[in-house]
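Asks: Sequence:
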Amino acid sequence: MSHGPATPLTAHASGPLTGEAHVPGDKSISHRSLILGAMAVGETRVTGLLEGQDVLDTGKAMQAFGATIRQDGDTWVINGVGVGGLMEPEDVIDCGNSGTGVRLLMGAAATHGFAVTYTGDASLRKRPMARVTDPLALFGAVAHGRSKGRLPMTIVGAADPVPARYATPVASAQIKSAVLLAGLNAPGETVVIEREATRDHSERMLRGFGAEIETRDTSEGREITLVGHPELKPQVIAVPRDPSSAAFPVCAALITPGSDVLVPNIGLNPTRAGLFETLRDMGADLTYENAREEGGEPVADLRARFSPDMRGIEVPPARAASMIDEYPVLSVVAANATGTTIMRGVAELRVKECDRIDAMATGLRACGVTVRDGDDWWEVDGRGPGGIEGGATVAVHLDHRIAMSFLCAGFAAKRAITVDDAGPIATSFPIFRPLMEDLGAEFRAEDA
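For the sequence shown, full-length UniProt numbering assigns the number 1 to the initial residue and increments by one for each residue that follows.
Do not take every clue at face value.
To be verified - Each pair of labels, with its calculated beta carbon distance range:
| hint | residue 1 | residue 2 | range |
| --- | --- | --- | --- |
| 1 | 391 | 434 | 22 to 28 angstroms |
| 2 | 318 | 375 | 28 to 34 angstroms |
| 3 | 375 | 71 | 41 to 47 angstroms |
Stated by the list, open to error - Here are the simulated EDC-like cross-link-like pairs (lysine to aspartate or glutamate), alpha carbons at most 16 angstroms apart as the crow flies:
| hint | residue 1 | residue 2 |
| --- | --- | --- |
| 4 | 126 | 442 |
| 5 | 233 | 43 |
| 6 | 60 | 88 |
| 7 | 126 | 389 |
| 8 | 60 | 20 |
| 9 | 233 | 212 |
| 10 | 148 | 160 |
| 11 | 233 | 196 |
| 12 | 414 | 379 |
| 13 | 414 | 376 |
Worth flagging that the hints you see were computed from the coordinates, not collected in a lab. From a predicted model like this one, the values you see are computed outputs, not experimental measurements. Glycine included, each C-beta is placed from N, C-alpha and C at the ideal position.
Given these sequences and hints, build the entire structure.
Replies: Below is the structure:
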């Protein structure tokens with residue numbers, strides 16, 4: 001359940017980053033393509049799938065549930081078993097580092113009458129699962145796990161599920177998606193209410209597969225209603241490139257003098273594009289080119305140029321759900337802007353792969369940046385271009401986004417920055433290092 005021995009990596013101040021950065025497919029859409037393809041009847045074909053470890057672990061899980069999944073060149077072919085057709089796995093489902101994978105899988109299996117045991121790596125075993133198992137209990141599923149709802153955990157699925165109505169207590173697409181996936185194999189209507197809109201890939205994809213799903217605004221918030229027991233129809237899916245992965249070459253270009261980087265074919269779903277809106281608010285030279293729609297999702301090519309005149313801002317808290325995974329690398333940009341960047345309403349960062357506020361604050365302070373933080377907020381004092389001194393080794397706590405954020409910081413810092421373990425990057429962005437090197441970035445591997 002570990003990715004292996006730690007592999008330290010150092011990023012040095014680089015010359016201009018230039019060229020095209022072809023980042024991997026969207027991780028959120030990749031997970032959902034495999035799960036819904038496995039719950040459809042017939043053959044679903046997926047191109048552009050992110051082949052990172054998180055997504056591959058979800059594919060292995062769906063095979064354990066009875067689906068047939070194979071790779072045919074650049075296409076992934078999924079032969080599904082239909083709604084209600086999942087089989088009891090013969091072994092424990094190991095989701096590695098993936099919070100998205102384990103929570104969506106829990107939802108998909110929770111309304112089937114068999115038990116499934118889930119586990120993951122050291123990081124995933126620390127993350128809270130009660131936020132998903134609590135609403136799944138409304139369907140009749142029963143969870144048995146470690147204290148505080150931690151993995152390993154066995155969920156006994158409901159043999160005779162009932163539909164659920166659930167208002168999410170926190171803004172989380174994972175909770176919403178788990179409930180909707182459980183609702184597929186429950187009778188009647190399952191309803192999810194969220195006070196703040198979160199990424200809507202599940203709703204879009206469920207609709208595309210033929211589910212009857214309706215979204216409307218009410219006095220309680222955004223209400224999503226799913227009719228159970230649909231016959232999902234197989235699809236041909238072209239996965240857009242991941243905006244969360246695009247964040248790294250984009251932000252690196254903005255802070256590295258002389259840079260001009262084009263990142264093609266990036267999904268710009270409004271529930272995912274908060275970072276890019278925030279960067280433009282800060283004065284970043286970031287433009288959208290060739291805007292279009294692919295597979296029901298807005299897409300564009302992003303061009304990012306070195307932006308020496310960026311200024312600190314207060315990020316609207318309402319934007320948090322649309323950029324929650326991007327705050328770590330935003331804090332690196334903030335350190336290279338002029339003035340203070342304030343980020344509020346971000347308590348969710350405390351329960352990601354690690355406590356991302358603490359990890360970034362600790363590492364940035366070690367690199368000479370002034371950071372203040374509280375339970376659900378943090379502030380970064382920027383000192384303009386080159387505002388990060390560097391010269392430190394930072395702990396990434398098995399978190400891929402912390403590792404990539406500090407490596408991007410190293411490209412523009414006065415002294416090199418080392419991350420204690422670059423191994424977790426493979427979970428979401430396995431080509432990060434060669435992609436950045438092709439743009440002109442400089443790395444050095446360190447002995448563990």
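Asks: If a hint holds in the structure, say so; if it doesn't, say that too.
Replies: Here is what the structure says about each hint:
1. Take residue 391 and residue 434: their Cβ atoms lie about 26 angstroms apart, and the range 22 to 28 angstroms holds.
2. For the pair residue 318 and residue 375, the supplied restraint of 28 to 34 angstroms is violated, since their beta-carbon distance comes to about 18 angstroms.
3. Remark: the range hint 41 to 47 angstroms for residue 375 to residue 71 is upheld by a beta-carbon distance near 44 angstroms.
4. Distance check on the hinted pair: residue 126 and residue 442 sit about 33 angstroms apart at the alpha-carbon level, beyond 16 angstroms; violated.
5. Restraint check for residue 233 and residue 43: satisfied, since their Cα atoms lie roughly 9 angstroms apart, inside the 16 angstroms limit.
6. For the given pair, residue 60 sits about 14 angstroms from residue 88 by alpha-carbon distance, which is consistent with the 16 angstroms threshold.
7. The straight-line distance between the Cα atoms of residue 126 and residue 389 is roughly 32 angstroms, outside the 16 angstroms bound, and the hint therefore fails.
8. Distance restraint check for residue 60 and residue 20: the Cα-Cα separation of roughly 32 angstroms exceeds the 16 angstroms cut-off, and the hinted pair is therefore not satisfied.
9. For the hint linking residue 233 to residue 212, the alpha-carbon distance of about 12 angstroms falls within 16 angstroms, and the restraint holds.
10. A threshold of 16 angstroms between alpha carbons decides the hint, and for residue 148 with residue 160 the separation of about 27 angstroms lies outside it, so the pair is violated.
11. For the suggested pair residue 233 and residue 196, the alpha carbons sit about 30 angstroms apart, so the restraint of at most 16 angstroms is broken.
12. Simply put, residue 414 and residue 379 have alpha-carbon atoms about 22 angstroms apart, too far for the 16 angstroms limit, and the pair is violated.
13. Straight-line distance between C-alpha atoms of residue 414 and residue 376 comes to about 30 angstroms, which puts the hinted pair past the 16 angstroms bound.
In this structure, the earlier hints numbered 2, 4, 7, 8, 10, 11, 12 and 13 are contradicted, and the remaining ones agree with it.
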